[in-house]
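Participant: Chain residues, written in single-letter form:
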Amino acid sequence: MATAALAEAHDEHHYTSTGLPHTKIAIWAFIGSECFFFASLIATYLIYKGRSVVGPFPHTPWVDPATGQHFKPILNIPVTSASTFVLLMSSLAMVLAHSAVVRGDRKWSKIWLASTALLGATFLGFQAYEFTSFVHEGLKITTNLFGSTFFTLTGFHGAHVTAGVLWLVTMLFIDFKRGLGPRDAINVDVMALYWHFVDVVWIAIFTLVYLIQ
Amino acid sequence: MTGHHRARRLYHAALTTVFALGLAACSDVPNTIFGAHSEFGHAEDRLTYLLLTLGGLVFVLVEGLLLFVVLKFRARPGNPTPKQTHGNTTLEVTWTLIPALILAFIAVPTVRTIFQTQEKAPADALQVEVIGHQWWWEFRYPQYKVTTANELYLPVGRTVSFTLQTNDVIHSFWIPQLGGKRDLVHRNKPNYLWFTPESSFVWNGFCAEYCGTSHSNMRFRVFTVPQQEFEAYIAHQQSGPAFPVAQATPADTAKGKGAAPVAAQQVAQTTPAAPGPSENTGTWPHDKLPAWSVPNTPLPAGLTMTAEEGDAARGAQLFKASPCIACHTIQGVSPGTIGPNLTHVGSRTTIGGGLYPNDLKHLAMWIKDAPMMKPGVIMPAMGKDAPQVPGAPPKMGQYTDQQIADIAAYLSSLK
Amino acid sequence: MTADHSAHVTRDAHGDAHPVEHAHPDWGTYKWVALVLTIITIVEVYVYYTGLKDTRLFVPILLILSAAKFAIVVMFYMHLKYDAKIFRGLFIGPLIVAMTVLISLLFLFGHIAIHAS
Amino acid sequence: MATTVAAPRAAGPKHKYESGIWSWLATTDHKRIGQLYLYTALAWFLVGGIEAFIIRLQLYGPNGRIVSAETYNQLFTMHGTTMIFMAIMPLSAAFFNFLVPLQIGARDVAFPRLNAFSYWVFLAGSIFMNVSWLFHAAPDGGWFAYAPLNTRVYSPGLNMDFWVIGLQILGLSSLAAGFNFITTIINMRAPGMHFMRMPVFTWATFVTQFLIVLSFPFITVAVTFLLFDRFFGTNFYEIAAGADPLLWQHLFWLFGHPEVYILILPAFGLVSEVLPTFSRKPLFGYPVMVYSLILIAFLGFGVWAHHMFAVGMGPIADSIFGITTMLIAIPTGVKIFNWLGTMWGGSLRFTTPMLFAIGLVSLFTIGGISGVMHSSPPSDLQQTDSYFVVAHFHYVLFGGSMMGLFAGIYYYFPKITGRLMSETLGKWHFWLTFIGMNLTFFPMHFAGLDGMPRRIWQYDANQGWDVDNHISTIGAAILVVATLIFVINLVRSRRSGARAGNDPWGAPTIEWSIPSPPPAYNYATIPTVRSRYPMWDMKAPELTASVPHSPAGEKEVTVKVGGATAGHIETPADTQLNAENAHPSAHELGIVMPTPTIKPLLATLGLCVSFFGLIWHRHVPIIILGGVIFVAALYAWLLTPLEPEH
Ligand code: HEA
Ligand code: HEA
Ligand code: CUA
Ligand SMILES: [Cu+2]
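Residue numbers (our numbering), protein chains in the order written: chain A, 202 to 414; chain B, 74 to 488; chain C, 6 to 122; chain D, 665 to 1310.
One should not assume that every hint holds.
[As the list claims (entries may be wrong)] Below, in silico cross-link-like pairs of lysine-lysine (DSS-like), each with a Cα-Cα straight-line distance of 25 Å or less:
id: 1; chain 1: A; residue 1: K311; chain 2: C; residue 2: K36
id: 2; chain 1: D; residue 1: K1203; chain 2: B; residue 2: K156
id: 3; chain 1: C; residue 1: K58; chain 2: A; residue 2: K273
id: 4; chain 1: D; residue 1: K1263; chain 2: B; residue 2: K145
id: 5; chain 1: D; residue 1: K1091; chain 2: A; residue 2: K378
[Claimed, not checked] Here are some chain D residues the structure puts well away from chain B; computed CB gaps all over 12 Å:
id: 6; residue: I685
id: 7; residue: L710
id: 8; residue: G806
id: 9; residue: T888
id: 10; residue: M977
id: 11; residue: P1041
id: 12; residue: L1096
id: 13; residue: W1121
id: 14; residue: F1294
Treat the hints as calculated values from the structure; they're not laboratory data. Just so it is clear, the structure is predicted and the values come from calculations on it, not from any experiment. Glycine residues also receive a C-beta, built at the ideal position from the N, C-alpha and C atoms.
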């Protein structure tokens, strides 16, 4: 029997019971898990909302009773709306990159992968700007409950975007080195799922943290 | 009263007896949750009995079945291969439904009891504020403006409503014989608990939530006393400190030192009472304490006390200028609030969160080196044999044994 | 035996998911999706800057809009709508439990207070 | 029959990763990783047990003086943490690793290198946490470390730093393994192995992995907050800043309760393998057993606040959580009764694994009943934080999880090592454990009902607890003896136990069709599965004809095995061979196996460096160095193909 096995072993090697790639199942399981991760962070933000003892606050001005200093409401909706839009567009670029890779279109796959990475980096730029300006305006991660929950929640989201950008850049690098073709589609697909999920989390954050008071 | 009710009551009485006896049979169980002494405790007990009964039933059923199966179906040589049954829907539905039914029998009284025991306390209830500290209890009677520590007096037959808060980490307030516990979670958002003590006695209380190094040593005592005793107690606690007393005679304190705890207490008792405060301190007679409420904690090895006797008057002088005042309140003497209020510390039966009996010896040892007496306490050691600066009042660690004995004598006289 | 074996493989393909290439949406769909997402975002921000902000409708409107965005991205960009059923299970099951937990936590901390007695 | 082909061994120099210590450090073989988990976890079990025994000595009588209060607090914290995160979870992981690919007819897990990474991270985390002993700074906040006691203000030392970081590392290990096994089970089942044909242990694993990946995020977040508070001064548990200490409790128990099912379900799975084999009957009500696993897991997410009945959540929340908790008794009860149904009418052979499995059924029931007693909030107010709870969870953890895992170890040891464990010593082990365990933990019910709080370093005389505690300590001493016998049995049998053959027990599932220990590639031919009990179908098709998913008469597994009839095992001669040289190599068979690699270990080392930097004065350069090593190793690992090019 062992000898009989010789011939077919090779084919069986790539057998999967569902016909689906491992990585794709794993990434969806990962995304399911991430739902809990971000749900806990968001829940904490909402639970602590309005409980900060000192300002600055997200939506209301604050006067420090000790120093008499005035603080504006800290959130900057126009800027964040812009960065939200950027992230949304990056998702569009991502799907286009994927479909280019599926088609084996090496020119457009590079263009769209690069655009996605660039848009992601732009979003991170916005976030860096946002964080530094908050710090200038007097809100640090240690300032109050709002600062702790806000920076942690958006910071973890930012870390996810950063990981995504690194992933994109790596893919782009591979694309330049040996070209991504249809057989790489699955890898791009998995990356895209991750990227969109990070986008989706931002959709929730934008509404729950920035817009709703 | 309907027969139905009577039957239920009989049933409960029988159960109480069975469980209480069963548990008490082998040893004395002063802190048992069974046969509680408040309506709150009864409500919980009733559920516990129900649970024990139904749980016992399930236990007997399952273990009985298991035993039967194991004995009946053991393989024997020559056994044919057994019939390959693989399931039986009727059976499986049955043993889904029966537990569900049992649980319904538990759930209904459970929910009822939850709402019953968490109703608002009657408005005229005695208010007691409980504040947890690492690792001692502060008790306040806001209606009477009395603050005390580690010993709680409650009148029998009057509902007492507790307001539970913590000063630092989470603690949990538990007097097993009077009812279940409640955690002290917040600084400014209290938890509530109320019950009505039914009989007069001494109960042990515990901190039931792990709260750091000396969590084990965060105990307290509860004295449920008749209403008039309670009034006397409150009146006494409201009065100022009992000092100056008629000078504690050297003989008194000498007898106290080294003697058995209870004997020392008796000596202390015979010290003439202070003028001013009522004769009747309302406190539980120190010689009538049940054994379980007298601490037996051994003294730490290596901690010694050489002074034979203390002088309360000298102690009073020393205390006024001591670092103690930063942490302890003695009405009219010192304002500190970090440690227990000592205004009537002499009237208490224990010190250190119920860890030691309150006699001269333990008191002196405590003052000499509290951290050795109780791990983790922030009260610094007063007598570490550090050299004193002549002329200046001694600082922490500089007190001589004699000075410590004097302070102990003073505190002890604060009945 | 070998022949027998391979016969099993095909005959026995699992019911829960077939190794099928799923039809993915293309540029035609994607551009509309992007447009809709953009419009919703604009509406959200617009709502924020209008008088609606102080009405009781504000929060529900925003929640619905962002839920719609969320769903659209998941369904089209993440092509959950077209993909194997198993992915739907892997994502939606946990999502529902996570949301339930989030909401119960808000209840427990009294943010969506229901007061007894 | 693979073994009958006495193919000449492929000569030639071995790669350094193929022998000696390197073969373990670089392994990607799920069976080796499983063994690494097994022996590491058993070692931690001994450590946790020694901690427990010191606890018991201290509590033998009133005012014990064996250890100081500080040490005692460290002991119970580390005992709980060790037993849960470093003993039981990884013991279960040992079986996930060793068994799942075998049971589903696969050659490895979906991501073999990630699997190695999981193990190394677990090892690193567990060592990291125990290193704290050397600094006299073992964690001392209790295994659920409530806020604000766990914050810098109230725990200024290194103690809780070790705990926070250690737990974070351990969590990473479990999460990584979780995704791996979910993928493996969904995607690597052999042809014909429908979900409803999967062995119940694989099902239990499957459900457990979901519990892991969905509940660990809670603790990750809770612990991250704490880490930020302690190291960077954030305010998550800072009461003065307006924080609520209950946030920690909710997040912790949102993890903590699913966690207890993570601890028990694998044991349930193992028992569901053992009982049918030794009853010589299929598992009673297989579908219901599967559904109840899922239901328990699902309900497990809705009961967390039953650990918080004393915190004052109000009557509505108390009622809801009380009732959801009670509901879990229903699917669990179904499992107990179906196990009884499995044994009913069977032909029971009382081998050691069977004894432990029966031990689980009887002891877990006791723990379950006391669990239901906790679920009634007013009654629980008298039980919570008393020794009654300690009794409850040791009955479910020791009487449930440990008993099940012991059953699994005795049952699968022959598959793992090719040798049987001694039945004589095994029976001694069982009976001493059974007696010792009841002596240790049953009196704790009484101590608790008699008012003894838990986590106390000393108790006073005259409290009525002396007798209970005497008995408990004596019981623990018996457990020490029992455990020593087990260790001796393990060591001796590994060296010189009787040869097992493919299928020493006459078991029904396919992992018993291959040699023991299995060759690196497990199955020379991937089997095709046509029933839940392929091995029994083959040997006696007429018997299982009525079992769903068992069309009679088909040859279900394509690998020949030795026959066995009830109560009598015939070990076929062709498998009486030493495994090392018995089978043709993967190479000879043309099977491509993953290349061994050291990179997962390197990535782990990077993580360790980072975390040491954090705890060691927050040394930023070291933290960054570790990060760089980690990322570099990760890239190197991800960019090399899993298998040699072919
Ligand atoms: C393996 C781990 C495990 C398992 C499986 C369980 C199972 C259960 N647990 Fe337990 N539990 C722990 C581990 C576990 N627990 C730990 C570690 C703690 C303490 C944590 C700490 O504070 O340190 C704890 C604490 C704990 C508490 C909090 C106590 C307190 O601190 O106040 C509660 C409260 O409801 C509880 C309930 C239950 C219930 C209802 C079950 C149910 O799942 C049990 C269901 C099983 C049965 C009921 C038996 C079989 C059923 C039948 C035979 C059917 C018929 C039965 C009836 C109708 C009753 N557990
Ligand atoms: C799976 C989990 C598990 C297991 C198996 C055990 C096993 C045991 N546990 Fe533990 N326990 C917990 C989980 C577990 N425990 C948890 C979660 C807590 C709560 C912690 C907290 O409050 O934070 C706890 C708390 C706890 C307490 C309460 C402490 C307190 O509240 O103050 C006690 C007290 O008796 C105790 C005792 C024991 C004993 C005697 C065993 C015995 O069964 C142990 C048996 C094992 C041995 C005896 C090992 C034998 C060792 C050898 C033979 C060594 C050989 C030596 C060499 C080879 C060098 N445990
Ligand atoms: Cu206070 Cu424990
Ligand atoms: Cu629980």
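Participant: Next, verify each hint and record whether it holds.
Facilitator: Here's how the hints hold up against the structure:
no.	hint	verdict
1	A/K311 with C/K36	holds, 19 Å
2	D/K1203 with B/K156	holds, 15 Å
3	C/K58 with A/K273	holds, 19 Å
4	D/K1263 with B/K145	violated, 56 Å
5	D/K1091 with A/K378	violated, 63 Å
6	I685	holds, 42 Å
7	L710	holds, 25 Å
8	G806	violated, 5 Å
9	T888	holds, 21 Å
10	M977	violated, 10 Å
11	P1041	violated, 6 Å
12	L1096	holds, 19 Å
13	W1121	violated, 4 Å
14	F1294	holds, 35 Å
The structure does not agree with the numbered hints 4, 5, 8, 10, 11 and 13 stated previously, though it agrees with the rest.
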